[in-house]
Amino acid sequence: MTFEDIFETIEVITYFKDGKLRPLRFKWNGRVYKIRQLNGHWISHRGYNKQHHYSIISDSSDYFELQFDSSDFDWQVARVCLGG
Amino acid sequence: MNDVMRNDHSLMTTMRTIMHIDADAFFASVEQGFNPLLRGKPVIVGGKAEQRGVVHTASYEARAKGIRTGMPLFKANALCPQAIFLKGNYEHYRAVSDVFQEVYLQYTPKVEFTSLDDAYLDLSGAMHLYPSVEYVAKAITDEVYRRVGVGLSVGVGTSKLIARIASDLKKPRGIVCIQPEKEKEFLAQLPVDCLPGIGRIAKDKLTDLHIFKIGELARLNKRIMEQLFGKNGIKMWELANCQDRREVTRKIIPRQLSRETSFEEDTSDMKIIKGTLQYLTERIAKKLREEGLVCRTLSVKLAYSDFKRHARSKSMSHPSNDGKEIYTHVDQIFEEIHLRRIRIRHVGVSASNIEPQHYQQFLFNEQTRQELLNGAIDEIRERFGFMALMPADTLELQRKYRMDSHGYILHNPALTR
Chain P
0 MTFEDIFETI EVITYFKDGK LRPLRFKWNG RVYKIRQLNG HWISHRGYNK QHHYSIISDS
60 SDYFELQFDS SDFDWQVARV CLGG
Chain W
0 MNDVMRNDHS LMTTMRTIMH IDADAFFASV EQGFNPLLRG KPVIVGGKAE QRGVVHTASY
60 EARAKGIRTG MPLFKANALC PQAIFLKGNY EHYRAVSDVF QEVYLQYTPK VEFTSLDDAY
120 LDLSGAMHLY PSVEYVAKAI TDEVYRRVGV GLSVGVGTSK LIARIASDLK KPRGIVCIQP
180 EKEKEFLAQL PVDCLPGIGR IAKDKLTDLH IFKIGELARL NKRIMEQLFG KNGIKMWELA
240 NCQDRREVTR KIIPRQLSRE TSFEEDTSDM KIIKGTLQYL TERIAKKLRE EGLVCRTLSV
300 KLAYSDFKRH ARSKSMSHPS NDGKEIYTHV DQIFEEIHLR RIRIRHVGVS ASNIEPQHYQ
360 QFLFNEQTRQ ELLNGAIDEI RERFGFMALM PADTLELQRK YRMDSHGYIL HNPALTR
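Taken in sequence, the protein lines are chains P and W. Residue 0 is where the first sequence starts when you use numbering that gives the first Met the number 0, and the numbers rise one by one after that. Residue 0 is where the second sequence starts when you use numbering that gives the first Met the number 0, and the numbers rise one by one after that.
Bound-form chain P, shown alone (with noise of 0.2 Å):
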């Protein structure tokens, strides 16, 4: 089991509720990954903006953590562990 950080520009499908967003599935390497499992959501800060971490589990069965930037909107894959 290997972990890469990876930090690319993603493109993600969210979804808004309370105040609260949940990501869906995303488009990494020209293909799209359905989130199977959220495991946890954390937040650190940058500065005065927020950026949130999810850690989830792909449809392939592999564990990402995707980071959304609150100043920017920019989602990231942050970390990529494969072969799990």
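Do not rely on the hints blindly, as some may be mistaken.
Stated by the list, open to error - Cut-off 27 Å, straight-line C-alpha distance, at most; resulting in silico cross-link-like pairs (DSS-like, lysine-lysine):
| id | chain 1 | residue 1 | chain 2 | residue 2 |
| --- | --- | --- | --- | --- |
| 1 | W | K286 | P | K49 |
| 2 | W | K323 | W | K273 |
| 3 | P | K33 | W | K40 |
| 4 | W | K74 | W | K300 |
| 5 | W | K300 | W | K285 |
| 6 | P | K49 | P | K16 |
| 7 | W | K270 | W | K300 |
| 8 | W | K204 | W | K234 |
| 9 | W | K109 | W | K181 |
| 10 | P | K49 | W | K86 |
| 11 | P | K49 | W | K285 |
| 12 | W | K286 | W | K313 |
Unchecked claim - Now the in silico label distances, taken between C-beta atoms and shown as ranges:
| id | chain 1 | residue 1 | chain 2 | residue 2 | range |
| --- | --- | --- | --- | --- | --- |
| 13 | P | D71 | W | K64 | 43 to 49 Å |
| 14 | P | L81 | W | K183 | 53 to 59 Å |
| 15 | W | R254 | P | E7 | 42 to 48 Å |
| 16 | W | Q100 | P | D71 | 25 to 31 Å |
No lab work stands behind these hints, which were simulated from the structure alone. The beta-carbon is built from N, C-alpha and C at its ideal position, and this holds for glycine as well.
Since the structure of chain P is already known, use the hints to place chain W on it.
Structure of chain W alone, referenced to chain P:
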């Protein structure tokens, strides 16, 4: 020992009720809690297997294979090649620690964090609100586990000392309450090095006197302990006799603040070494200002490529939290060290003799230009991140390290507060 542990009824509310909560294998538990693929597998946080550096935390599965905190990563890899090595993420651990704090504060306002994963709660004035102290412990551990998947071990007693020792007895996810009247008996049977302040040297001294258990130490005359260990001897004797009146205070002044890192490869490049020292100093100064503290003594630590270490300290004429002033002293200390003709693998800076910043420097307490400048720097960093403003010399490190808004991504940063 089981007869002194109590699980069925609460402590008397008139006595102090101190709870110590410690997260089990914290960094590894966070990683396992947020990634189900890691659960049940040996996880080592500290760096990749092929990197230099040491194990910060090992999961219980890795500990079963003989992995211990502080062990070099290459050795851990040799012992447990199937382990999953992670470099760790301080921001993530801090966010989880914030969840701990949120949960603890639901039960009492008197919470003292001694590290990211370690806290004391004083429930003395709040026990009339809950059925029992076990109820509180269980509610806290359950909520934290549900929210972040981290197991907690809890110890309860009438003092910090008892609570701390108790929390260590039934790891992982244990709740141990010591009855007030049994505390002395409980303490008496433990080895002397369970007491804070008794390290290897003190233990050896006591072993020479055939004192192995805390009970034996407690029976000694207080003056003998004073003669053996000075002022600390009296403290040890008092603790051995369950005389611990230390309060749970929300904010504590750290004894020492240190920042260290290992280089990715050993170096003799003075620009990189000094740039790193200045960067580490800048981080310490920022932390001191954030907490409203100043330091008086500075130390520089070096480790050479043959693993030999060198450290040197010096005190300043007046306490300070100004990065520029502190670095001037750090640089002086570094220059005074007679460097061996051998490359350096690890550097560190530490500040000690820390005190609150309430001294009056000038008659009319006017702010110096440097204080105003530091205030402006802190405000800019608060808004745009730590790397928004950096001393020019530290920019040399860009050659070596990637950076994010929190700072340079050092090869082997300390993952602690």
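Cross-check of the supplied hints:
1. Between K286/W and K49/P, the direct Cα distance comes to roughly 20 Å. Compliance with the 27 Å bound is thereby established for this hinted pair.
2. Pair hint K323/W plus K273/W holds up; C-alpha atoms about 13 Å apart against a cutoff of 27 Å.
3. With a CA separation close to 26 Å, the supplied pair K33/P and K40/W stays within the 27 Å bound.
4. For a cut-off of 27 Å, the pair hint linking K74/W to K300/W stands: about 24 Å separates their Cα positions.
5. The suggested pairing of K300/W with K285/W holds, with an alpha-carbon distance near 20 Å, which does not exceed 27 Å.
6. Taken as a hint, the K49/P and K16/P pair is honoured in the structure, with Cα atoms around 18 Å apart against an allowance of 27 Å.
7. The suggested pairing of K270/W with K300/W holds, with an alpha-carbon distance near 17 Å, which does not exceed 27 Å.
8. For a cut-off of 27 Å, the pair hint linking K204/W to K234/W stands: about 16 Å separates their Cα positions.
9. With a C-alpha separation of about 25 Å, the suggested pairing of K109/W with K181/W holds against the 27 Å cut-off.
10. Taking the CA atoms of K49/P and K86/W, the gap is about 23 Å. The hint holds against a cut of 27 Å.
11. Proposed proximity of K49/P and K285/W is supported: the alpha carbons are some 20 Å apart, at most 27 Å.
12. At most 27 Å may separate the alpha-carbon atoms for a hinted pair to count; K286/W and K313/W meet this at roughly 20 Å.
13. Restraint check, D71/P to K64/W: a C-beta distance of roughly 44 Å satisfies the suggested window 43 to 49 Å.
14. Checked against the given bound of 53 to 59 Å, the beta carbons of L81/P and K183/W, roughly 56 Å apart, stay inside it.
15. The hinted window of 42 to 48 Å between R254/W and E7/P holds, with their beta carbons roughly 43 Å apart.
16. A hinted range of 25 to 31 Å holds for the C-beta pair Q100/W and D71/P, which are about 29 Å apart.
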